[in-house]
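Spelled out, the chains give:
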Amino acid sequence: RKEVEQDPGPFNVPEGATVAFNCTYSNSASQSFFWYRQDCRKEPKLLMSVYSSGNEDGRFTAQLNRASQYISLLIRDSKLSDSATYLCVVTMDSNYQLIWGAGTKLIIKP
Amino acid sequence: DAMVIQNPRYQVTQFGKPVTLSCSQTLNHNVMYWYQQKSSQAPKLLFHYYDKDFNNEADTPDNFQSRRPNTSFCFLDIRSPGLGDAAMYLCATSRVGGGRETQYFGPGTRLLVL
Numbered sequence: 006r007k008e009v010e011q012d013p014g015p016f017n018v019p020e021g022a023t024v025a026f027n028c029t030y031s032n033s034a035s036q037s038f039f040w041y042r043q044d045c046r047k048e049p050k051l052l053m054s055v056y057s058s059g060n061e062d063g064r065f066t067a068q069l070n071r072a073s074q075y076i077s078l079l080i081r082d083s084k085l086s087d088s089a090t091y092l093c094v095v096t097m098d099s100n101y102q103l104i105w106g107a108g109t110k111l112i113i114k115p
Numbered sequence: 156d157a158m159v160i161q162n163p164r165y166q167v168t169q170f171g172k173p174v175t176l177s178c179s180q181t182l183n184h185n186v187m188y189w190y191q192q193k194s195s196q197a198p199k200l201l202f203h204y205y206d207k208d209f210n211n212e213a214d215t216p217d218n219f220q221s222r223r224p225n226t227s228f229c230f231l232d233i234r235s236p237g238l239g240d241a242a243m244y245l246c247a248t249s250r251v252g253g254g255r256e257t258q259y260f261g262p263g264t265r266l267l268v269l
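Residue numbers (the working numbering), protein chains in the order written: chain H, 6 to 115; chain A, 156 to 269.
Please keep in mind that the hints were generated in silico from the structure rather than gathered at the bench.
A portion of the hints provided could be inaccurate.
With a straight-line cut-off of 25 Å between C-alpha atoms, the simulated DSS-like cross-links for lysine-lysine are [to be verified]:
#1 50(H) - 84(H)
#2 7(H) - 84(H)
#3 193(A) - 7(H)
#4 84(H) - 47(H)
#5 114(H) - 84(H)
#6 47(H) - 193(A)
#7 110(H) - 50(H)
#8 110(H) - 84(H)
#9 199(A) - 50(H)
#10 172(A) - 193(A)
#11 7(H) - 110(H)
#12 172(A) - 50(H)
#13 172(A) - 199(A)
#14 47(H) - 199(A)
#15 110(H) - 193(A)
#16 110(H) - 47(H)
#17 199(A) - 110(H)
#18 114(H) - 50(H)
#19 207(A) - 7(H)
#20 50(H) - 7(H)
Make the full structure from the sequences, and use the hints.
Given below as structure tokens:
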């Protein structure tokens, strides 16, 4: 079993729709959680951190469920520019290493 | 205002011909990382430096070496590239180590091995 698992997609979604991604992690001692975005042939960029209380940034909402060991990302009113691969990342606070999911590819269609 | 710079952006080399990729940062971060990313896969950590302390991942091939002559620069040396080493190589930095620290990535160097 992979440490961090994501549905690879692609998710083909019409513009304006709401899309949700889930990510599961295997290590119950994981402490920090992030969503990164990676455009085609570009570097990953931090989209948002995920807190236990959940957090929202504009059209993006991230949730953490420690009991079930998954995190989610919700994108509302999707835009064409949201097309990218979304990578789930998990870390131990005491460890430098980021554990990456393989990413979920999102394609927003006009 | 680029913060993590990688050169070159594209590198073509021949099978077995040594190649060096470079990374520089203007953030004055203590930690620098090198990742390898292949198509549709997650970035794979090769090694990292905490200041001058080098930390190699257990499964990083011996073919890959790194140098960090100062805080700002870090190099990835591939001594004898094989076809399987064709990938995007990403450099990242963080202020200090620890899982809560955001990593800032450079634009990557795409390596092609002929």
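Straight-line alpha-carbon gap residue 7(H) to residue 110(H), limit 25 Å: Holds. Residue 7(H) to residue 110(H) sits at ~18 Å (cutoff 25 Å).
Pairwise hint evaluation, residue 199(A) against residue 47(H), where the allowed Cα distance is 25 Å at most: With Cα atoms ~15 Å apart, residue 47(H) and residue 199(A) stay inside 25 Å; holds.
25 Å limit on alpha-carbon distance, applied to hinted pair residue 114(H) and residue 84(H): Cα-Cα ~9 Å, so holds.
Pairwise hint evaluation, residue 7(H) against residue 193(A), where the allowed Cα distance is 25 Å at most: holds, 17 Å
Proposed proximity, residue 193(A) with residue 172(A) (alpha carbon, max 25 Å): holds, 20 Å
Agreement of residue 199(A) and residue 50(H) with the hint, judged by alpha carbon distance not exceeding 25 Å: At roughly 16 Å apart (the allowed maximum being 25 Å), residue 50(H) and residue 199(A) satisfy the hint.
Hinted pair residue 84(H) and residue 47(H), Cα distance within 25 Å: holds, 19 Å
Given pair status - residue 84(H), residue 110(H), alpha carbons within 25 Å: holds, 14 Å
Satisfaction of hint between residue 7(H) and residue 207(A), Cα-Cα up to 25 Å: Violated: residue 207(A) and residue 7(H) sit about 32 Å apart, past 25 Å.
25 Å limit on alpha-carbon distance, applied to hinted pair residue 172(A) and residue 199(A): Answer holds: residue 172(A) to residue 199(A) is near 23 Å, not above 25 Å.
Given pair status - residue 110(H), residue 199(A), alpha carbons within 25 Å: holds, 18 Å
Agreement of residue 110(H) and residue 50(H) with the hint, judged by alpha carbon distance not exceeding 25 Å: holds, 15 Å
Going down the numbered hints, you'll see the structure goes against 2, 12 and 19, while the others check out.
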